[in-house]
Amino acid sequence: MTDINWSPTAGPEALRQRADMLSRLRAFFRARGVLEVETPLLSHHGTTEPAIESYRTQDGLWLHTSPEFAMKRLLAAGSGAIYQVCKVFRREELGRRHNGEFTLLEWYRPGWGDVELMAEVEALLRELLDDRMQMGEGLRLSYEDAFFRYLDLDPLQAPVKRLARAAAEHGIHIEMSVHEAQRDAWLELLMSQVIEPSLPPHTPVFITRFPASQASLARLDEADSRYAHRFELFFGGMELANGFFELTDPVEQARRFEQERRQRASTGQVDVPADANLLAALSHGLPDCSGVAMGVDRVLMLALGARDIREVIAFPMDRA
Amino acid sequence: MATYSTNEFKRGLKVMLDGDPCSIIENEFVKPGKGQAFNRVKIRNLKTGRVIERTYKSGEKLDAADVTDVEMQYLYNDGEAWHFMDPNSFEQVAADEAAVSDAKLWIKEQDVCEVTLWNGVPISVNPPNHAILAVTETDPGVRGDTATGATKPATLETGAVVQVPLFIEIGDLLKVDARSGEYISRAKE
Chain S
1 MTDINWSPTA
11 GPEALRQRAD
21 MLSRLRAFFR
31 ARGVLEVETP
41 LLSHHGTTEP
51 AIESYRTQDG
61 LWLHTSPEFA
71 MKRLLAAGSG
81 AIYQVCKVFR
91 REELGRRHNG
101 EFTLLEWYRP
111 GWGDVELMAE
121 VEALLRELLD
131 DRMQMGEGLR
141 LSYEDAFFRY
151 LDLDPLQAPV
161 KRLARAAAEH
171 GIHIEMSVHE
181 AQRDAWLELL
191 MSQVIEPSLP
201 PHTPVFITRF
211 PASQASLARL
221 DEADSRYAHR
231 FELFFGGMEL
241 ANGFFELTDP
251 VEQARRFEQE
261 RRQRASTGQV
271 DVPADANLLA
281 ALSHGLPDCS
291 GVAMGVDRVL
301 MLALGARDIR
311 EVIAFPMDRA
Chain G
1 MATYSTNEFK
11 RGLKVMLDGD
21 PCSIIENEFV
31 KPGKGQAFNR
41 VKIRNLKTGR
51 VIERTYKSGE
61 KLDAADVTDV
71 EMQYLYNDGE
81 AWHFMDPNSF
91 EQVAADEAAV
101 SDAKLWIKEQ
111 DVCEVTLWNG
121 VPISVNPPNH
131 AILAVTETDP
141 GVRGDTATGA
151 TKPATLETGA
161 VVQVPLFIEI
171 GDLLKVDARS
181 GEYISRAKE
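Those protein sequence lines, which keep their order, are chains S and G. Numbering follows this note's numbering, with no gaps: position 145 of the first sequence is 145. Numbering follows this note's numbering, with no gaps: position 32 of the second sequence is 32.
Okay, chain G solo, but in the shape it has when bound:
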C-alpha cells in the first residue's frame, strides 16, 4: 500500500484515516526554530463530508486512499441505485443513495457528472453546475409581472423545489444552479 509522508501533504491529497477515505483540504507546517516539527491538517471525510482536524509529528505517514474522480454519464435509476457509465471504457457503476445524496435532485439521464470512486466504488456524485429541468408543478403563471422580484415555489421533474419568478408555468424548462439550488433563467432547449 502506498503511503504519504507529512512532507508530501498538500491540498487534494487522498489518504486513509480511521478506515475512511479522506481528502486533505488544508495543511499547515508548524515548527519552532529548534524544536519538533508538526503538520496541522484539516481533512474531509469523503464518505460523510465531515471536516476534522488532526496534528501529526512531521515524518509520520498515512496510507494513500485509492480515490479517483471520473467523469461519468448518468444512465438510469432502478429504484435502489443510480447507474453511471464511463463514456470511454463503457464500464458501469452503481451508486447508492448515500453516495448520490443531494445530487439526485439535479441530474437527468445523459447528464455527465463527476463521480468519486474509492476502490472502484462510487462514494460521492458531483452534478454539473447547471441543470436544465422541466417544471412539473407550480401555481399558474402571472403574465407581465417580471419587475417586482416576487417568487413562488416550483417543483421540478427530479423532485427538487426551487423559488421561481411568478411568470413561470408548468412545462417550462429552467436553468438552475445545482450548487446553490437557485433559479437562473428559463431555458430553450
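Only chain S is shown next, with the shape it has when bound in the complex:
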C-alpha cells in the first residue's frame, strides 16, 4: 500500500533549522549545568496510559513512547538535573501535527517545583524562537479558569450533559456518551477544540492545575486534591509541552498503573504490565523533582511557519 516515494518531505531549510535548533537547545542546557543522557528506545516495559498505544517488537520488547521511566531511574540513582532529545514512537497518531515517530525533548530538575520549571520552559522557548516569531510575556492560566473564561463552565462541577451542550454550541457534532465516566473525554474535546484555538496566538500560555483525573504522573495538589501539579504549554495554536511536579510515591504510582490497566481492559486495549523497574526506583527513592516533555518537531513548525509536521520531518511515517 505504501507508494514508492524516495524523496524527503522536508526541504533543506527545514533540515538546517532542525540542526540549528538541536545545537541551540544543547547549548542552553550546557550553560545551565543540565546533563545530556541517553536511555533505551527499546524497553522491556511499555506504557499503561490508555490514550497512548505502543509499538511492540517480535521479541516482546516495547518501543518507548517517552523516556520518562528510564530518566526517573537515573534521577533515583542520583544523576542530578538531566535532559534527553530522542525519538519516541506512538501508534495510530498521524495527522497535521502528529507523526507516529517524533522527536521529544525531556528534562528533569531535582528540587524544583512546577512553577520554577515553567519559567525555564518559557526561557527555552524564547531561546529557540525569539528571533523567528513574535512572542509576548508568558501567561499562566489554571485549567479551571480557562474553562470559566472561554466556556463559562466549571470543568469539575458542570454536568457532563452541559459539557456536551457546550461542544454542540461551538459547532462540534459528535455522538459520545454523556455518562460521568466520559467527563474527561468531553473535557479533552473542549480543551483541544474550543479553548486551545481561542488562546492568544502570540503568547505562550501555560494551562496549570489539571484535574486529578488527568494527573497522569503528577502529584496531586496538597491543598486541594481535586487538582494535580500538571501543566501544559500552548503556543502558536499548538500543544507544545506537558510537565509535572513528579509523583514520587511508589504506592500511589502502582495504584495509578493498575487503574490504567483496568481501564485498558475495559475498552479491550492491549494489556501492558506496569514497569517494575520504575516502581523499584521509586521505592529506592526518587528525589522531589519536576519534569517536562516538549515536542521538538512542533517547535520547528513554529520556527518555519509550517502548517504540516511533514514539512519538518525528512521522512514521515508513510515514507519511512
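Incorrect hints may have been included.
Below 30 Å or equal to it, Euclidean Cα-Cα: the simulated DSS-like pairs (lysine-lysine) are [stated by the list, open to error]: (1) S/K161 - G/K57; (2) S/K87 - G/K57; (3) G/K47 - G/K57; (4) G/K175 - G/K108; (5) G/K10 - S/K87; (6) G/K175 - S/K161; (7) G/K57 - G/K10; (8) G/K152 - G/K61; (9) G/K61 - S/K161.
Worth flagging that the hints you see were computed from the coordinates, not collected in a lab.
Use these hints to put chain G onto chain S, whose structure you have.
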C-alpha cells in the same frame, strides 16, 4: 459490509452517513498528548452536495459506501431520464434529473462524462470540462467589434445561456467551460 476505522480516514474515502453516501473531503486528527484522540471530519453528501462537519472518537468506524466513478458515454434523454453507457461493458444506466443536475446544460450525445454510481445507480454526473455547443439564439452579430469586451447573452442547443462577444452569431459553435459556464472561444469542428 466493509467498514473504515478513523485511522483509515482520508480525503476521497466514500462512507455512509445518516443513510446517504458521502465523501470525506477533510480529516483532521486531534489529540491532546495524554488524552482522548478525535477525528474532525468534513464530509460531502454525494446526493445533495452539502458539506457537513462531524467529530469522531478515534477508533470508531463508519460503513463503507459502494460508490464508484465511471467514465460513461451520454446516449440520449427520453424526456424523463438521461441514459449513459459504459463503453467497456456496454452496460447502460439511467440517471434522473436530481443526479444529472446542472450537467444537463453542458452535455451532448456521445460526450464522455464521469458518472458517480452508488450501488450501481447514478447519483451525480460530471460533464467534460469543456463543452462544444451550437448557438441557437442570440442578437445579430456585430462585425469588427472584438476589442471593446462588450458581451451579450447567447442560448445554446442544450438550453444553457452564456455571455458571449458581440460578433457571435446563431449557428456558431462555441467552446465553453462547463465548470464556470464561461465562453472560451469559437470552435471549428
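Q) Any hints this thing doesn't respect? Which numbers, in order? A) 6 and 8
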